[in-house]
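Participant: Make a model of the complete structure from these sequences and hints.
Just so we're aligned, residue 1 is where the first sequence starts under this note's numbering, counting upward by one.
Just so you know, the hints here were simulated from the structure itself, not pulled from any lab data.
Where hints are given, some of them may not hold.
[What the hints assert, rightly or not] Taking lysine to aspartate or glutamate and the EDC-like style, the derived pairs with C-alpha atoms no more than 16 Å apart in a straight line are:
| no. | residue 1 | residue 2 |
| --- | --- | --- |
| 1 | Lys148 | Glu7 |
| 2 | Lys179 | Asp48 |
| 3 | Lys32 | Glu110 |
| 4 | Lys140 | Glu151 |
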Amino acid sequence: MKIITREFYNRNTIVVAKDLLGKILVRVVGNKILSGIIVESEAYRSIDDPASHSYKGKTERNNVMFGEVGHAYVYFTYGIHYCLNIVAKEHSIPAGAILIRAIEPIEGIEQMQKFRKTNDLYNLTNGPGKLTKALNVTKKQNGVDVVKKDEIYILNGREIDNSSIIATSRIGISTALDKQWRFLITSNKFVSRRVRIN
DNA sequence: CACCCGATTATCT
DNA sequence: GATAATCGGGTGT
1 MKIITREFYN RNTIVVAKDL LGKILVRVVG NKILSGIIVE SEAYRSIDDP
51 ASHSYKGKTE RNNVMFGEVG HAYVYFTYGI HYCLNIVAKE HSIPAGAILI
101 RAIEPIEGIE QMQKFRKTND LYNLTNGPGK LTKALNVTKK QNGVDVVKKD
151 EIYILNGREI DNSSIIATSR IGISTALDKQ WRFLITSNKF VSRRVRIN
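Facilitator: What follows is the structure in structure tokens.
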């Protein structure tokens, strides 16, 4: 499998969010490889999206969202958790990123269980805060280029049949609830259980 | 299974 | 000073 090239991310954020389903997220920690299939994602845009960190313009926290596509935007939230996003947008749009909400673990499961301090396979990486903990992703990874084979990269996985993907409103936000920008693979056991299907 | 709540702190207003 | 792109544990049905 090959690393996804930068052109993939240089498209409509919503389309890329959907297309990331089925791709393989890889995390290199020392000499260990941790990986999983992306099974849940959310698109966040900019001036047209009140729920996005970039809605009101560039700040110290969100500046990666305004930068080159194909980089990781990692932020800290609720005083406890990190969330991993991939910058994606068309040239004409100032900012945009995709929140990786859940992966189906493939490689390095034992190491992920150590990072998470749990043996429960189905609650290991089924949430944005859980998967960053399982993959040992923190603000140190903010800005890393996921198009290069370095700390974090994404591989072409298997094509997902359109009929097995659904779109819903996004989780944990209070505005723009009408926008159906959360994508998940239906019936995948590793999707967040907080399912709000409209 | 559903709802409720506390944890804990960087970031923004 | 308030909020937050969350999680896990608790209680009740």
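Participant: Against the 16 Å threshold, does the CA-CA distance of lysine 32 and glutamate 110 hold or violate the hint?
Facilitator: 11 Å, holds
Participant: Given the proposed pairing of lysine 148 with glutamate 7, does the C-alpha separation stay at or below 16 Å?
Facilitator: Holds. Lysine 148 to glutamate 7 sits at ~13 Å (cutoff 16 Å).
Participant: Lysine 179 and aspartate 48 were given as a pair; does the straight-line alpha-carbon distance stay at or below 16 Å?
Facilitator: 11 Å, holds
Participant: For lysine 140 and glutamate 151, compute the direct alpha-carbon distance and say whether it is at most 16 Å.
Facilitator: With a Cα-Cα distance of about 10 Å, the restraint between lysine 140 and glutamate 151 holds, given a limit of 16 Å.
Figure legend: structure checked against the earlier numbered hints; every hint is met.
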